[in-house]
Amino acid sequence: MFAETVTAIAADLKAGRYSSADITEHYLARIAEFDPGLNSYITVCADEARAAAARADALLARGEGGPLTGVPYANKDIFCTRGIRTSCASRMLDNFIAPYDATVVEKLTGAGMVMLGKTNMDEFAMGSSNETSWYGPVRNPWDLSRVPGGSSGGSAAAVAARLAPVATGTDTGGSIRQPAALCGITGLKPTYGRVSRWGMIAFASSLDQGGPMALTAADLALLMNAMAGHCARDSTSVERPAEDFTRLLAQPLTGLRIGLPTQYFAAGLDPAMREAVDAAVGVLRALGADTVSVDLPHAGYAIPAYYVVASAECSSNLSRYDGVRFGHRCDDPRDLTDLYTRSRAEGFGAEVKRRILVGTYALSAGYYDAYYGKAQQLRRLIQQDFTRAFAGVDVILGPTTPTTAFELGQKTDDPLTMYLSDVYTTAANLAGLPALSMPAGLIGGLPAGVQLIGNYFDETRLLNVAHQYQQETAWHLARPPHA
Amino acid sequence: MSIGATEIEGIARLARIRIDAADVARYAGQLSQILTYIEAMNEVDTSGIEPLAHAIDAVAACRPDLVTETVDRATLQAGAPRVEEGYYLVPRVIE
Chain D
3 MFAETVTAIA ADLKAGRYSS ADITEHYLAR IAEFDPGLNS YITVCADEAR
53 AAAARADALL ARGEGGPLTG VPYANKDIFC TRGIRTSCAS RMLDNFIAPY
103 DATVVEKLTG AGMVMLGKTN MDEFAMGSSN ETSWYGPVRN PWDLSRVPGG
153 SSGGSAAAVA ARLAPVATGT DTGGSIRQPA ALCGITGLKP TYGRVSRWGM
203 IAFASSLDQG GPMALTAADL ALLMNAMAGH CARDSTSVER PAEDFTRLLA
253 QPLTGLRIGL PTQYFAAGLD PAMREAVDAA VGVLRALGAD TVSVDLPHAG
303 YAIPAYYVVA SAECSSNLSR YDGVRFGHRC DDPRDLTDLY TRSRAEGFGA
353 EVKRRILVGT YALSAGYYDA YYGKAQQLRR LIQQDFTRAF AGVDVILGPT
403 TPTTAFELGQ KTDDPLTMYL SDVYTTAANL AGLPALSMPA GLIGGLPAGV
453 QLIGNYFDET RLLNVAHQYQ QETAWHLARP PHA
Chain B
9 MSIGATEIEG IARLARIRID AADVARYAGQ LSQILTYIEA MNEVDTSGIE
59 PLAHAIDAVA ACRPDLVTET VDRATLQAGA PRVEEGYYLV PRVIE
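Read top to bottom, the protein sequences are chains D and B. Take 3 as the starting number for the first sequence in the working numbering and just add one per residue. Take 9 as the starting number for the second sequence in the working numbering and just add one per residue.
Certain hints may be false.
Unchecked claim - Sample of chain D residues at the chain B side, in silico, Cβ under 10 Å:
#, residue
1, 98
2, 234
3, 236
4, 238
5, 306
6, 320
7, 321
8, 335
9, 336
10, 339
11, 381
12, 445
13, 448
14, 458
15, 460
Stated by the list, open to error - Just so you have them, the derived chain B footprint on chain D, three or more residues with Cβ under 8 Å:
#, stretch
16, 307-316
17, 324-332
18, 348-359
19, 382-395
In case anyone wonders, no lab produced these hints; they're calculated from the structure. From the three backbone atoms N, C-alpha and C, an ideal C-beta is built for every residue, glycine too.
All chains, full assembly: derive it from the sequences and hints.
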């Protein structure tokens, strides 16, 4: 019987119970069996995975390698991989093969991990349901008629369905946490600047942050040890001494101060979701934590501010796709303007175009102050709300999403309703704070997620709280029916 | 904020994205709805609040100006739509 968590797989490899080749074949076979129904991978790299497993086994046989050597993983198709297509789930990059590895990929390869493939996502990470992918939607392994969340929906579905023990994700407004919640797994968006953005295709540069998605908090900690760290190629990468993200996992929660924002328990929260969150709070109280109500008065403005900042930055970042140097080019352009405008019209999907247009408008002459300037002022107020709250508490807790996974197609005709599924997650990106989502129950057979937001660089505290919670509960080990 | 067809065409021109005439009204409706929602920001008096461009206070990162990468033109241009003798080809710009 193959183990399912990174921690247990690594122990099996160290003890020689299984080889990396055995475990890699096991996952490749599961992908072949279950992924046709889920569509969680855009590209499966069977040959490369087998070669990497053989290299890992050679290292392990000599008693070498680190804690992750030989452990398989999946990469969101936003991380550049040398020689293997990186599509960002866009027609624009359907033929794009990066000439280099992203820093995250370089680090995980260096740690001896085995990449199984590249996971599906919303196009250019813009979406909350994984329905904007050029390669078709991902289905939720808990209910195939429902979305897995987004934008890291393929990574979340693959981990939930045991088609990879762990995957990378990126989070600009909730894209790690929201799909983790909807698929019943654990996901961490680190503090902005922790994980290098080099080779991670840009959406909104001041908000984008990569992080791990796994079954358990302990597995996230192991991955953070490999993924995090200063990178000279990313000018916003934070220079801090290396730290062991597993170091506080076992710490008791006695005396932990948890803040519950009144705004996150207000109207719009599904009553069953509220019950699940309350139950999780009960478990943490029984473990010795104290709870106190906190006020985040500008919480309601996080989504409008987020959509201005994210769209503005995306309109600038995506101007690089011009049909000249790489990516899609239209047939028979009449002139240079026709080449640009038609290549972009054909290469981008509807949601990406909408955001580029919103961002272009918000940055255009005469509107800059009313939209972009105003959004940046609100960003300051939202950050100050958190600073005040963290003066009295160690972590902030609330729901990750207002509801469980919704039906495919339910929100595709109404962009605004789709945006509101990120109501609890965007604030952490605007403020740059670390935040984690962990499974905390099933509602009508669908996972519910609890979000923990931490102070800057306090990921070890979030991992500690989640790990202690996972010692007392088994929601994180619940298996979806389609796996 | 209500956005009309002329404005959509202007924004699309700035963004270098061609929008079919049949789709202009749909984009106008959706952008109007999104911008109206965004204007909820105006409920907050932000006079005197310093804009926050970036969450982490950081000074510009500097490094020694050393050559650390070698550029292999053939590899970098392997994915380009049209290349000739090391140059990217585009339609004629000057008549």
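- Hint check, residue 236 of chain D versus chain B [nearest Cβ-Cβ separation less than 10 Å]: Result: holds, 9 Å to nearest chain B Cβ.
- Message: Cut-off 8 Å, C-beta pairs, minimum 3 residues; does the coverage of the stretch 382-395 of chain D by chain B stand?
- Response: holds (count 3)
- Query: Close enough to count: is the Cβ of residue 234 of chain D nearer than 10 Å to one in chain B?
  - Reply: Holds, because the Cβ-Cβ distance from residue 234 of chain D to chain B comes to roughly 6 Å (cut-off 10 Å).
- residue 306 of chain D as chain B interface residue, shortest Cβ-Cβ below 10 Å: Given a least distance of 5 Å, the restraint on residue 306 of chain D holds.
- Do three or more residues of the stretch 307-316 of chain D come closer than 8 Å to chain B, measuring C-beta to C-beta? With 3 residues in contact (Cβ-Cβ under 8 Å with chain B), the coverage given for the stretch 307-316 of chain D holds.
- Are there three or more residues in the stretch 324-332 of chain D whose C-beta lies within less than 8 Å of some C-beta in chain B? holds (count 8)
- Query: Should the interface hint for residue 460 of chain D be scored as holding, given a Cβ-Cβ cut-off of 10 Å against chain B?
  - Reply: Violated: closest Cβ of chain B sits about 14 Å from residue 460 of chain D, beyond 10 Å.
- Item | Status of the hint placing residue 238 of chain D at chain B (closest C-beta pair under 10 Å) | Holds, about 7 Å.
- Item | Interface hint compliance - residue 445 of chain D to chain B, C-beta minimum distance less than 10 Å | violated (28 Å)
- Message: Under 8 Å between beta-carbons, do enough residues of the stretch 348-359 of chain D, three at least, approach chain B for the coverage claim to hold?
- Response: holds (count 5)
- Close enough to count: is the Cβ of residue 458 of chain D nearer than 10 Å to one in chain B? holds (8 Å)
- Item | Hint check, residue 321 of chain D versus chain B [nearest Cβ-Cβ separation less than 10 Å] | Residue 321 of chain D check passes; min Cβ-Cβ to chain B is 8 Å, inside 10 Å.
Checked against the numbered hints given earlier, this structure breaks hints 12, 13 and 15; the rest are met.
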